[in-house]
Each structure stands twice: as structure tokens, then as C-alpha cells.
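Number of protein chains: 2
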Amino acid sequence: MNDNEIIANIKCLGIDMIDHARSGHPGIVLGAAPILYSLYANHLNINVKDPNWFSRDRFVMSAGHGSALLYATLFMCGYSLDIDDLKAFRHINSKTPGHPEVGVTPGVDCTTGPLGQGIATSVGMALGEKILKERYRITSKDSLIDYKVYCLVGDGDLMEGISYEACSLAGTLKLNNLIVLYDSNDVSLDGPTDKTFKENVRGRFEAMGWTTYLVRDGNNLSELNRAINKAKNAKTPAFIEVKTKIGYGSLLEGKSDVHGKCLTKEDIAQLKAKLGVTSEPFGYNTEYIDYLRGKISERVDTKYKKSTEEYNKYISSMGDESKTLASYMFNNEFHYNLLDITWPMDEHQKEATRDTNNMFMDYLTHHIKTFVGGSADLGSSTKTYVKYSNDISADNFDGNNIWFGVREHAMGAICNGLALVNLKPYCSTFLSFSDYVKPAMRMSSLMHLPVTYIFSHDSINVGPDGPTHQPIEQLAMIRSIPGMKVFRPADVNELLGCWQVILNSNHNPSTLVLSRNEVERHPNTNPKMSILGGYIYYNEKEKLDTIIIASGTELSYARNIGYELATKGYKNFRIVSMPSIEQFLECDEEYRQNVLPNNVRKIVIEADSSFGWHRICQNNTYYLTVDSFGKSGSKEEVLEYMHYTLDDIKEKVFNIMNIK
Amino acid sequence: MNDNEIIANIKCLGIDMIDHARSGHPGIVLGAAPILYSLYANHLNINVKDPNWFSRDRFVMSAGHGSALLYATLFMCGYSLDIDDLKAFRHINSKTPGHPEVGVTPGVDCTTGPLGQGIATSVGMALGEKILKERYRITSKDSLIDYKVYCLVGDGDLMEGISYEACSLAGTLKLNNLIVLYDSNDVSLDGPTDKTFKENVRGRFEAMGWTTYLVRDGNNLSELNRAINKAKNAKTPAFIEVKTKIGYGSLLEGKSDVHGKCLTKEDIAQLKAKLGVTSEPFGYNTEYIDYLRGKISERVDTKYKKSTEEYNKYISSMGDESKTLASYMFNNEFHYNLLDITWPMDEHQKEATRDTNNMFMDYLTHHIKTFVGGSADLGSSTKTYVKYSNDISADNFDGNNIWFGVREHAMGAICNGLALVNLKPYCSTFLSFSDYVKPAMRMSSLMHLPVTYIFSHDSINVGPDGPTHQPIEQLAMIRSIPGMKVFRPADVNELLGCWQVILNSNHNPSTLVLSRNEVERHPNTNPKMSILGGYIYYNEKEKLDTIIIASGTELSYARNIGYELATKGYKNFRIVSMPSIEQFLECDEEYRQNVLPNNVRKIVIEADSSFGWHRICQNNTYYLTVDSFGKSGSKEEVLEYMHYTLDDIKEKVFNIMNIK
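So the protein sequences, as listed, match chains A and B.
Using the numbering used here, the first residue of the first sequence is number 121, and each one after it goes up by one.
Using the numbering used here, the first residue of the second sequence is number 121, and each one after it goes up by one.
Any given hint could turn out to be false.
If several chains are the same, the list does not tell them apart, and a pair holds so long as it fits within one copy or across any two.
Stated by the list, open to error - Quick list of in silico lysine-lysine cross-link-like pairs, DSBU-like style, CA-CA up to 35 Å: (1) Lys470 with Lys355; (2) Lys253 with Lys318; (3) Lys352 with Lys261; (4) Lys755 with Lys394; (5) Lys363 with Lys318.
Hint data in this document are derived by calculation from the structure and do not stem from the laboratory.
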């Protein structure tokens, strides 16, 4: 069997898919096909019949526009894709979407598209292997958890800051199970890269502690294989620059036009002639598939069998609780009950929810084997650092605390990678810096990954760091991400309820927003009610006229105002605590109407932007929110300046209710 | 005069400020004081009496938590700050906010705080000098525009992806007017950097095409000065790694605790003793101020005089129009009228607003001397590439098209830098990738900078790239940024009105959101009305029952539905076009009530998230919006899948209006 003939067939399938869809990216199909072929034919430890085999090598197409190439290769390797799937490329509900989507296509390990996300997520997957091996005490002789992560990147990926952040950390942590292949073709979407990207890329990776290799001719399979073989044995993460020609063989070869435009019929004809492929569109040789399947089987079958045996042995060796955890690890389903535990909580203690949360972090670290995370150099402020666990480092992956460095964006993507290998990751920074994390948060949600984002310093109520550090619109930004659940607990009781939901959310990310300012434990808050997202904290004593809705530390305001209203003899108001709008929206209509009946006046008290509250308060609503930038000053000064002291809010509520 | 005595005084003032505020960052004050002293005493071309002198060297404290050090140094140089200003450090409405804020403190050239923003903005300021020199034909002998940009960074800045992105571009563009000093102390907020950041930083900068220097002892002033002198003559951007000790002289020297915690009284006492400073808190020696002022004057006076003369000569040599432009450049005020121009627009032409916009880009490039910008490698898709202008490159700054590379985040921050030196910059990518730009957009707004963000592919209506490329929540995210104005024009008429507002907004950023799908020119759209942000597109013929509000390309839906309603004989509905909610909110209450009277049923049609519409539609509102992720498929398939075809929307409107 001639490798180049198979590669030619893969290329033509990719080009046919793009032509059929009238949309796609031919440049990378023609330029990088030999790279993917080499990987799948000679290196990746995978099982096409069991694409979710836990110990498989991962492949991440960070240059997600190379989806046609990836699907054509997966098809040729014998994954469960047929020619109709390839014909449905970029069409609705197909197994072959415009950019790779995990969970949609067998063999796709990560959703990619926004450049840089794939490589940063790969770092998380590689880090995950190191951590899992320690957690499950896997030795070098075992196959239960033993994989490498391969990632294909283009120039665009490497220009993105997130890729730099993640790769710098990968170098620091010496992740030698990560191999990045760089499709180096000197061209990006708009033109030649010498206009934008003249750095010595390998030099940069060496400076970051990676081992680098150069493949001078990306069409030379033996040169490619030699480099990959060396990379597999490197003591650090490995970076292979492969010089290729974008659109190789097309009339547009080497030009940026071939990046994302369909080839003309003439071009396709001459290309196929050049490649010696005479078949009709979507023609393929089944012998090639048999050959590739055979090569993969030959390489992997023994390891797969061993790994499966170890899994069975591992599972049968353990008690029921551990089984559940193991099951989570391998099947990504997880159930945990925090509510029946007795927590050592002082009724009258005043503390910031970030501090209260630290107690939960300790507990979860000790009880949940897959719980792991860290912060972007703010653990001492967000209070997510777990004191009683070890730090993860190049020399020790047996710990809970990941030091992400000041790399918020990569932190999010790395957590996506950790979640893709079935860990239960969290990460943290200040709420105002969630801006930097947002693109990765969106990816968590798109991939249905149970990543927990923990943001402290949740409003202008943060002290004198000034407007750059005071979140305003961030809470709205995060709540607006489809599928993301946001929690802003008022105290320890609500925090408990929030964690209960977060831990049992296996298919969506969560955001936990914590305060720097101290709060009391409220008499009427309740973990079980918090799970509903919103509940009646204080009930009216007479016919309902006004509902005061508050979240997080602003529940203290509502409670204080309620106390004063009651003292004045008012009985027509209700207080609703709303730790999670998203949870509340999942309750049935009857419950929601019961808590927030239509056509009753509503007052929302939340020291962040008003955006998004329309989802539960559409009529006759007043927003006592903060919709303009903060200010530098002491906490008290800032609240006064922003007209957000308790007295200010009380006055506003009284005005709305026509109380003097 | 002994330099070290002055440095000791600066350090003590910084420490006193932090102690007085009970908040701040002593570590950098003690570690980096000699760096700032060297710069201000021996290098920066500034005029403390004219802090906004256009041709001054810029200094950006990218490590914004070093604000106390910066203010103490500015005070000592004789800027208009007195000791009470220092005492008001971190208090409300002071000249000395928690992190540096441009426009608040004389001598502060850039707002900093979120790490990485400062250095990326510095790249923009340096690029701006190169561009301005060409635009105003400044020769190497002139002083009118002739400055360098100095920037102090810490480890945190350099871990941030945005700093990598910006510095990689600076290397490609060989910005030799940029000098970055790296306060290299091996410690960040949470602990030693060997846990997070073990790369060879100078090696990385060399790989990016920078010239690098090492100062082994950051307390050795002559070593510092030698390095800075060399850096000034480098042919590329220069990077000086200065080895320092965080909290030098404190009992916590070298420890991460000294980063952001006040020193104890004991520590302050021993520190002052060590430094030989015996004065009371906030004590200073006026001779030091005279000495520093003298040094700066001696160095700069001739250049300042020459520069001022050239400015006067330049202004007097030109006609009125040019004067206005020059005035804009030097004073950052700009007025332009697009409305009286006759545009060559075909009444019936169907085209995407991204294409229509390209015509405006051409016009503005030719007529507005300070207009400049580019895209993050998507100019051919966003259609912001100006074909009739040159590309900016290391060899040629006489052009309009900046090739930012695939670096969305740095692109935003670089535009902030361009705007800080009074250019009128724009940048562009797809709306879904605005996620990557968001942190810089917030900074634009905080600094009141007239940056224009142009995002095309503005809804699920973008074709088959799939959910990663289909914006949902991004429009809401951007609208939620305080001070940001967002425009989503329906056609060429509205686009004209939007640009009229954008060009005349001198103190806030704008976002222009454009479509990939084609639209007709609507018969009733109107540039002048568009300026109001929202206006009646079609008036009811009978008593008003329902208002249909639409923006952007969804105005076509509204128009079509309106046509069908009218055909059916309905006369009780109104159509409102809403290209800019923010502009509409600036109209007086009477106008707004006239367009959108209270208590009338409203239906919002916008193919993006519903978040934020509550600002103008609080009661009795129905949202026909898109609040969940998109899908890969052809445009038509996606609209059908998302129930957002014209027929879908029509049916929903009819249902709401109880029409069969």
C-alpha cells in the first residue's frame, strides 16, 4: 500500500466535501493532510470502535477550520462515519459540522474554531493525564490512564495570546505528554504572515522550555515520522514545526485565497489529475480503510486489551463509594450530596463568602477525587487555595492546587481540557477579570463541560483598587452565556445549596460569585430553597404590594429595609432571595408565579448591572443596580459616591413604595 | 545631590501613602523605585508644567499596582501634585487613585490595573508615533512629533497573553521607539514565580525580534542608565530585564506577602532607619524637587521650545480645514459632518452592511487624517481593509491598514494606545470573537477613548461555520459596558447616521455591528433619524396597539411583517427601528415616550440575546430574540433550526397580536 495514494484520497475527499458544501477551508486540507495521516497511521493510540476509550491518545485540531481534513481522515481510519456523513459536511444536524464539535463526531476530542482555544485546551488534557495518574496511583507499567495529547496548530493559533499563556505554563510544568505540530505555511487568512508574524517561533518555544523540531518538508513522511518519534521521547512538551504549503497542488497554492474559499471546478480537476485520483467525487478505496484500520489495530490492540482488563480489575477491587467516583471518572457522571452533612458553622459569625467558601474547598478536595483547580495568581485573595493539599508542579502532580500564573484566559481553557478528561476542575480570579476568561467560558458551555468558575470581589464593594477592579457588567456578561449557571449566594446556607447544584451539574459550567465584604448568616436563608435559585425569604403579612428581590450580599440590604418596613407597620411586602436566576428559570411556572407573581411591583437590589433581570421581572420592575463604572476610594466612600449605601437604597425603596 | 537619598525619599513617601491609606502595594515601591528614578531623572523628555505636551515621552506603569511609586515620583519631579494629594491616595475623588488613571493625575499617560493592558497599549502609543510622523510629514530633524514610549512591566504583565500578542507585533513592526523595563523579582502575588513562570523571558523577546538587555542589580543606577542609553539606540523595540528584590529593605523582602499588604509599623520604622530617613510621615526635601526639576529642564527645555515653535509654525501654515484636523490631533477634539455629502448609493441595491461599510472606510481614510486601523486577520471578511491605501509595515508607516495578526485582544489595546496619542483608530473582527477583545473595550470606555470597534457577522445569520462563529450574547456583552455606544444599522442610510455619531464622539468608544447577509435599502430609513438611536419607521394608522421594534437586518423582518399586517387591514401597529439603544437613551424623555409610549405592547425582533432591552422596554414586552447557541448548517438551515425564519417570526408576532 502506498501512503501517498491514501493521502491523495484523503485530500480529494476533503476537497469534495468543501465543494459539495460550497463552503470550507481547502488550504489546510491540501497542506496538512500528510501530518494528520502520519499521526493516525503511525502514532495515535486509538480504537476506532471505542472512540471514548479513556486511555486513548487525544488529537485536537486547534486549527478548527481544518475540519474537512479531520473528518476525511477519521473516515479513512474507519471511525463510524459513512460517505453520507461526509456529504452532509457543514449541513444541519450532521456528524460533520463546520468546525469540529466534541460529542458530535466520533474521534473528535475537543470543540475548536476560535483560534488558540484548542492548543490551550490540549495543555489541560495533558495536565489532566499527569494528575489522574497520581490520583489513581497509576504506575508507569499500567495502561489504565496513559495517553499523549497531539495538537495541530496553525499560525493563527500561535499568534493568539491564549496559546502563549498555555504553552508557557506547559513548559513550566514540563508536560512531556504533549506534542504540538505546527502547520507552518507562512500564510494566514488575510495574507502572508511576514506582515504580522515574523518571530522565530521555535526560538520562542525553546525559551518557554519546550523541545523543538523542524520538519523541512511537510510532504516527506519519513521526516515527519522521525520528528514525531523523537518528540514522543522528549523530557518536555514537544513542538514540531512542519513546513508546508497552503493549498498544496491547487492553482492557488501558497496564496491566502486558498485558506477559506472553495476551489473552482477547473482547479479541482487539475488537482485530482495531479494527485492521480480519477474517481468520481467522494470516491474512495475501501482497501485504504482496511489498511489503516489494520495498522492502528496492530499498534494498539494489546494496549487496549490490557487497559480494559485493568479497568475491570480496578472497578471490581473497590467499594461502592469508590466505584461511583471511578464511574464518574470514566463516564463523566457524578452525584454528590452535601446537604446531609453537618457543617461546623457559627450562627453569628460574620465573614465574607469568599472565606466561607474556603471551608467548602477544603472539604471537596478531601472528598472528591476528581476535584482539582487553582487561580490566576489570586488564590490568596479569592481564597480558593487549599491549604491542606499539595501544589502541582513539574516534580509533583499529586496535589490539588494548580498555579495557573497570571493567565486568566488559558486558565479557563486548561480547565476545559481537565474537564474533557473527566476531572471536575475549578478556577478563580476577581470578577472584574472574568473579562479575560470569557472566551473560554463560552467554550465550556458549548462543550457542556462541568467547569466551575469562582470569582470573588463581586461588586463595587471591593475596596480602593478603583474602577478597573470593580465589576459592573461582568455578572451580566456571564449570565448571558447560554447554558452557564451563575450563583451569587448571600451567605453560608445559600453557598451550600449552590455547591450542591454545581457538584451535580455534569453537563454545564457554573460560575460562583463571592464577596469580599463580610456578611452574617441570615436567619431565613436555606440550602434546600437556594437550590431552586429563588425563594421567598420573608413573606408578606397582608395583601402583597411590593416584592424586593436581592442577591448575594445585597440580601443584607433587603433584610434591613424589610426590618424597618415592618417596624413602621408595613405588612404588604415580600423579600425574595435570588442566588441563581438560571436555577429559578428551571423551576416550573407555578412555583415561579408563586414566588414572583405577575403584575406585582418588583424592586431588584443587586450591586451590578441590571442587564438580564428582564428574564424574571418583565413588568413593573425597578432596578436598584449599578450600571456605571466604579471609582477609587475606600469601600465606604465608593458606596457613598455611587449612591449605594444602605441608606441610599432604603430611600430609593421607600420612594418607589411611596413611603415617607 | 545624592541620587540614593532622593530614591530613599521617594520610597518613604510611597510607603507612607500606603500606610496612610491602609491599602496598596509596598513591594514594587521598594523594589522598582530606582528604575523609575533613573527614567525620570535621566531619560524621559517631559515638561512637568505642560504634562500634555504632545511630543513628550510617554511612561506607562503597566504594573498598575505600582501607583504609589508612580505618584511619589511624579510629586518629586515637580508635577502639579501636593503632599495632600499623596495623603489622599486611594481615597475618593483624589488625584491619586488606587491604580493610575489617565486624565486624573498629571503625568499619568494611561489607565492601568488589569495586567497586560499597559504594555499592549504602549505598543499602540509607539506605533502611533510612527504613523503620525508620516501623516504629518515630520522629518528626523523635527521635534513636533518625536517621542519614545517607556513602560514598566512585572512578571504578571508578561504572563498575560495580551502582552505576548502586542510584543510579537511590535517586534514584527520593529518599533524602536518602545522601551520596556521588566521589574524582574521572581515573585508574584501568590508566591515565587518558579511555580508558574520558568521561561527564559529575554530569550522569548529575542525570538520576537526585540533587542534585550540585562541589568543584574536594579539598585545600581549606572548599570540602569547604561542599559537605558543602549536601548534608546536599538534598531528594534528594546527589553531591559532589571533584576530587583520585591519589598527591598522591608522585613518581608523577597516574599510575596509584601506585594499587596501594608507594612507593619515596626517594619516601616526599621526600613526608614535603614534608608537613613528620619523625617515624619510624608516628609520630603524640597531641594530634591528642585534638583529633579532642574535636571529635567536642562535636558528638555530646548526640545520643548523647538517643538512649540514648530507647532505654531505648522498651524499658521495651513488652511482652515487642516487647522481643524491639526487641532484634533493636538487637542483631541474633532467634528465632522457626513450628512451633507451626496453618496453614490443605488436605491435598490442589495448588499451586506459590511460591504456598504467598506465604501465609508474608503471615504473616511481619504478625508480624515487621523483615521487608521485594521483587523485581526479578517479584513477580507469584515471588509474593513482599505484597498486604496498602503499597508503599515516595519518599512512603511505611511498607510492606513494595520495588520494586527490573529491578536484580537492586543488589537483593542493597541487601538487604545493609538487613541491616547489622538489618532482615530478602528479595528475589526467577527462579532463572536469580540469575546477576545472585551477586556480592552472596557479599558477604552474607562479612558473615554474614541476607538471604533467594527464587528461583522452579527448574528446566527452567518453561514455554516457553526456555533463557535455565531454570536448570541456578544451584543449584550458589549452593550453592557458602561459608556460604550453600540450601533447596529439596518442599511446604508442608518450606517451613514451611525458613522456621523461615531466620528463626532470624541470621548467614548463605539461599536459598529455589521451583517454578512444582504439587505435592501429600506424606503423609510433615514440617516438623521438614525442619529437619535431609535425612531418611528412606520406609523400606526389607528389607535396604537402594538409596537414592533427591530434593529439591523431584522428591520427587514419587521417591514415584511408590517406589509402583511397592512395587507390584512391592520392599522394599529407601529414599527420602530432601533440602530442604537444608547443613542436613544440619550434622547429626552418626551421623544422616547413619543416613540415608545409606556403601556403599549412591544415586540423586540433582534437575532441576538435579549439581555439589555429592558432599558427601553420595561413593560408588556415580548422578545423575539436568540438566547441559545447556534448550530452548524447552511444559513437557511440554521434559521429554520433556530425557528428564526421570516415565517417563524411572523407567526410569533401574529400569535402575540392574536391574529390568525
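Structure-based check of all given hints:
Taking the shortest alpha-carbon separations for Lys470 and Lys355, neither the intra-copy value of 50 Å nor the inter-copy value of 59 Å comes in at or below 35 Å. In this assembly of identical chains, the alpha carbons of Lys253 and Lys318 lie at most 35 Å apart only when taken from different copies (24 Å versus 39 Å within one copy). With identical chains, the CA atoms of Lys352 and Lys261 are at most 35 Å apart within one copy only, with a shortest distance of 17 Å there and 57 Å across copies. For a Cα distance limit of 35 Å, the shortest separation of Lys755 from Lys394 across copies, 34 Å, qualifies, whereas the shortest one inside one copy, 71 Å, does not.
For the identical chains of this complex, Lys363 and Lys318 are neighbours both inside a copy (15 Å) and across copies (28 Å), given an alpha-carbon limit of 35 Å.
Going down the numbered hints, you'll see the structure goes against just number 1.
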